[in-house]
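Chains D and U supply the protein sequences, listed in that same order.
Sequential numbering from 0 applies to the first sequence in numbering that gives the first Met the number 0.
Sequential numbering from 0 applies to the second sequence in numbering that gives the first Met the number 0.
Just so you know, these hints were derived from the structure itself, not from any lab.
Among the clues, some could well be false.
Unchecked claim - A few chain U positions that, by computed beta-carbon distances, are all more than 10 Å from chain D:
| id | residue |
| --- | --- |
| 1 | Val14 |
| 2 | Ala17 |
| 3 | Arg28 |
| 4 | Asp31 |
| 5 | Phe32 |
| 6 | Val63 |
| 7 | Thr64 |
| 8 | Phe73 |
| 9 | Ala84 |
Claimed, not checked - In the DSBU-like style, the derived pairs of lysine-lysine whose C-alpha atoms are separated by at most 35 Å in a straight line are:
| id | chain 1 | residue 1 | chain 2 | residue 2 |
| --- | --- | --- | --- | --- |
| 10 | D | Lys197 | U | Lys66 |
| 11 | U | Lys87 | D | Lys197 |
| 12 | U | Lys66 | D | Lys86 |
| 13 | U | Lys87 | D | Lys86 |
| 14 | U | Lys87 | D | Lys290 |
By construction, the Cβ of each residue, glycine as well, lies at the ideal position given by its N, Cα and C atoms.
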Amino acid sequence: MDTVIDVLLLAFLAICAVSILRLRDLFAMAMMFGLFSLISAGLFTTMHAPDVAFTEAAVGAGISTILILATLAQTARREQPVPTRSKWLPLAIVCVTGAALIYGTVDLPAFGDPAAPAHNHVAPYYLQESYNDIGIPNVVASILASYRGYDTLGEVVVVFSAVIGVLALLGLRARPPGIVAGPVRRLDHRAVLKVIAKLVVPVILLFALYVQFHGEYSPGGGFQAGVIFAAAIILYALVFGLDEARRVIKPQLLQRLPAIGVLIFGGVGLLTMLLGGNYLAYNALGENPQKAQQTGIILVEIGVGVTVASVMLLIYFTFAERGRGRKADEGDGGSSA
Amino acid sequence: MALALDILSWFLILVGGAFGIIGGIGLLRLPDFFSRIHAASITDSMCAPCIIGGLMLQSGLTLVTVKLAFLIVFLFLTSPTASHALAKAALHGGLDPGEEHPSARTRQAQGDAAREGAQG
Numbered sequence: 000m001d002t003v004i005d006v007l008l009l010a011f012l013a014i015c016a017v018s019i020l021r022l023r024d025l026f027a028m029a030m031m032f033g034l035f036s037l038i039s040a041g042l043f044t045t046m047h048a049p050d051v052a053f054t055e056a057a058v059g060a061g062i063s064t065i066l067i068l069a070t071l072a073q074t075a076r077r078e079q080p081v082p083t084r085s086k087w088l089p090l091a092i093v094c095v096t097g098a099a100l101i102y103g104t105v106d107l108p109a110f111g112d113p114a115a116p117a118h119n120h121v122a123p124y125y126l127q128e129s130y131n132d133i134g135i136p137n138v139v140a141s142i143l144a145s146y147r148g149y150d151t152l153g154e155v156v157v158v159f160s161a162v163i164g165v166l167a168l169l170g171l172r173a174r175p176p177g178i179v180a181g182p183v184r185r186l187d188h189r190a191v192l193k194v195i196a197k198l199v200v201p202v203i204l205l206f207a208l209y210v211q212f213h214g215e216y217s218p219g220g221g222f223q224a225g226v227i228f229a230a231a232i233i234l235y236a237l238v239f240g241l242d243e244a245r246r247v248i249k250p251q252l253l254q255r256l257p258a259i260g261v262l263i264f265g266g267v268g269l270l271t272m273l274l275g276g277n278y279l280a281y282n283a284l285g286e287n288p289q290k291a292q293q294t295g296i297i298l299v300e301i302g303v304g305v306t307v308a309s310v311m312l313l314i315y316f317t318f319a320e321r322g323r324g325r326k327a328d329e330g331d332g333g334s335s336a
Numbered sequence: 000m001a002l003a004l005d006i007l008s009w010f011l012i013l014v015g016g017a018f019g020i021i022g023g024i025g026l027l028r029l030p031d032f033f034s035r036i037h038a039a040s041i042t043d044s045m046c047a048p049c050i051i052g053g054l055m056l057q058s059g060l061t062l063v064t065v066k067l068a069f070l071i072v073f074l075f076l077t078s079p080t081a082s083h084a085l086a087k088a089a090l091h092g093g094l095d096p097g098e099e100h101p102s103a104r105t106r107q108a109q110g111d112a113a114r115e116g117a118q119g
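Just chain U, with the same shape it has in the complex:
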């Protein structure tokens, strides 16, 4: 039983760590602001709860587990809200979700070139 709990908790911690790394890579590599928010919010909503869940299994039925459970609830409430507020602020500040994407830019450039070609 103890072994099973240990394996499960380490599995959760490792999965959480993996999500943290994926989120970090996404934050660095994804092309525009909004997809980067998406990557950053993965660390909040997947990485942290997985790690905390693993820690809860490690600490057993103690007060620490209860505090960790409160932390998960708090994170689930606040981190999506923070991502939402960030995206909303960017939209409000005039950042167009479609505009910044490089593929959109190349598409636009091709369209311009095509139009110029048609005019020429």
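Pulled out of the complex, with its shape left as it was, chain D reads as follows:
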């Protein structure tokens, strides 16, 4: 049965990929990318990797689709036609690369092979000892936040650097110079959306908190919770307008939150050093090693969640703000023409 589902999902993936290549409408392409991520999330679920599937569904199908749409709202809707050159050279390159990759897969161990190197290095220790060491049932959370704490710190710093890059390109200022904010468009005709958003947004926020603080016991954790939290606020901003969303989370606070999250993560490491342990070795946090580990994991996950949520929101707000300024200009031009 699993094989049938795998084959179906992979076939859908292939169809998605081909149709993305053939589409010229960028909005439709963004939708297909979201679908692609959702199908990948399904594949991860059949591989019994719910944490990864969760992230893929929240980031790939949710937030990144919104970010692509926010970008498209400021650029063109359709792809420019590419001047046709000879297609033989690209085809040859693709064929050779593809053949090399397929040749490479022959040497890879079979899926789920217990003799594979990845399953014989540190993985057996993690699987057997994590419950004794840390005392939480979700091994993924204990590997992510404790055994591999350095890697996760690196990932959080990568997310932080991404927002630094976006802000450096698009500007820290709320409104870029030369773009006058137009009149805020009235949203009075969205009665249904407003009512439903008011019902749904608190539930999403609550679910984000559940994912954040239940991540030790069920799939989830700081990354997923941060994205879900940001999605709730973005939904609010989409329905009620940017200004209302800015009143919920002040921009001054939002700009500082990514750094605060990273500092929480790094600060836990410094704290363990001050208490006499190694960097990010949570056992120094208390007498009982399991409790100390759990405290460390919860603190670190809060840092991850804060950074991820605020980075997603900052990127969205920056994009949407520019889009609004631009739209206002175009609207003026349209009315005078």
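Following the hints, complete the assembly by docking chain U onto the known chain D.
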């Protein structure tokens, strides 16, 4: 009792699957944008709840059932809203519900022809 539950749950799952197929066919075959939204929303409001209801009967009185119930409530709130937003956006974007329909187009063409005939 268990057999009855099983039969009921499979009935619901099959009905849900049938609605999914009907919705898919409608999405492909119906003539204009608004009737296609109608077909797509059938999969949301009939297919998914039927299948989830069948799964709830399969899982019995467990936490899974409660989560599935939450899913149904969430779907009932969000999917009609999504269809509504889609239709509203299309209207706002200038798509006239009557205009795109092929029968309307032929009717208009016949009307034009008749008028031309009358003028000629």
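Do the hints match the structure? See the list:
| no. | hint | verdict |
| --- | --- | --- |
| 1 | Val14 | holds, 21 Å |
| 2 | Ala17 | holds, 19 Å |
| 3 | Arg28 | holds, 19 Å |
| 4 | Asp31 | holds, 18 Å |
| 5 | Phe32 | holds, 14 Å |
| 6 | Val63 | holds, 12 Å |
| 7 | Thr64 | holds, 16 Å |
| 8 | Phe73 | violated, 8 Å |
| 9 | Ala84 | violated, 6 Å |
| 10 | D:Lys197 / U:Lys66 | holds, 21 Å |
| 11 | U:Lys87 / D:Lys197 | holds, 19 Å |
| 12 | U:Lys66 / D:Lys86 | violated, 52 Å |
| 13 | U:Lys87 / D:Lys86 | violated, 43 Å |
| 14 | U:Lys87 / D:Lys290 | violated, 53 Å |
Hint compliance for this structure: hints 8, 9, 12, 13 and 14 are not met, and every other hint is.
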